[in-house]
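Just add 780 to wherever you are in the sequence shown, counting from 1, and you've got our numbering.
Simulated from the structure, these hints should not be mistaken for laboratory data.
Using N, Cα and C, we set each Cβ at its ideal position, and we do this for glycine too.
Each hint should be verified, as a subset may be incorrect.
[To be verified] Derived Cβ-Cβ restraints for the label pairs, each shown as a range:
{"#": "1", "residue 1": "R923", "residue 2": "V811", "range": "32 to 38 Å"}
{"#": "2", "residue 1": "T917", "residue 2": "L813", "range": "30 to 36 Å"}
{"#": "3", "residue 1": "S814", "residue 2": "I911", "range": "26 to 32 Å"}
{"#": "4", "residue 1": "G887", "residue 2": "K842", "range": "30 to 36 Å"}
{"#": "5", "residue 1": "T809", "residue 2": "L843", "range": "20 to 26 Å"}
{"#": "6", "residue 1": "D898", "residue 2": "A862", "range": "29 to 35 Å"}
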Amino acid sequence: MSTEGRHAISGYVFKLFGSAISWSSKRQTLVVLSTTEAEYVALTHAAREAIWLRALLSQVFKLESLPVEIHCDNQSAIALSAENRFHARTKHIDIQYHFIRQCVADGKILVPYVPTDDQEADIFTKALPPIKVKRFTDRLGLRV
Numbered sequence: 781m782s783t784e785g786r787h788a789i790s791g792y793v794f795k796l797f798g799s800a801i802s803w804s805s806k807r808q809t810l811v812v813l814s815t816t817e818a819e820y821v822a823l824t825h826a827a828r829e830a831i832w833l834r835a836l837l838s839q840v841f842k843l844e845s846l847p848v849e850i851h852c853d854n855q856s857a858i859a860l861s862a863e864n865r866f867h868a869r870t871k872h873i874d875i876q877y878h879f880i881r882q883c884v885a886d887g888k889i890l891v892p893y894v895p896t897d898d899q900e901a902d903i904f905t906k907a908l909p910p911i912k913v914k915r916f917t918d919r920l921g922l923r924v
């Protein structure tokens with residue numbers, strides 16, 4: 781989370797055939813109470829883009845609609861996205877951010893865990909050491 785304004789920065793990147801085709805990085809407009817909530821909100825933003833990309837690519841390439849993977853490095857956010865029940869710890873989260881739950885339940889989105897050191901979207905959300913920048917730009921098919 782950014783110390784200026786205490787707003788988290790959401791980021792995602794989608795790849796096709798090993799190259800980045802869509803990405804985003806933006807400061808969240810709400811103040812969250814935990815890193816789990818920040819990641820959960822970011823998952824919802826990524827899911828919206830994933831659903832749109834999935835529809836576009838299925839029309840262009842005439843592919844069957846397979847689930848889209850959104851890698852996440854926060855195991856609590858992954859667990860929250862897979863739950864289809866609400867409890868006291870999450871009742872303050874705005875209903876619009878539970879969209880990810882419906883996508884997971886419908887089989888449109890898969891949310892596998894990725895270790896923090898391998899989270900490629902971090903290149904869009906935080907300052908990284910040069911070695912990580914090089915590794916992630918190579919993995920994303922980008923040139924610096």
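Verification of the supplied hints:
1. Our hint of 32 to 38 Å for R923 and V811 holds, since their Cβ atoms are close to 36 Å apart.
2. Our hint of 30 to 36 Å for T917 and L813 holds, since their Cβ atoms are close to 33 Å apart.
3. Against the hinted window of 26 to 32 Å, the Cβ-Cβ separation of S814 and I911 comes to about 29 Å, which satisfies the hint.
4. Between G887 and K842 the Cβ separation comes to about 20 Å, which falls outside the hinted range of 30 to 36 Å.
5. Between T809 and L843 the beta carbon distance is about 34 Å. The supplied range of 20 to 26 Å is therefore violated.
6. Take D898 and A862: their Cβ atoms lie about 21 Å apart, and the range 29 to 35 Å is violated.
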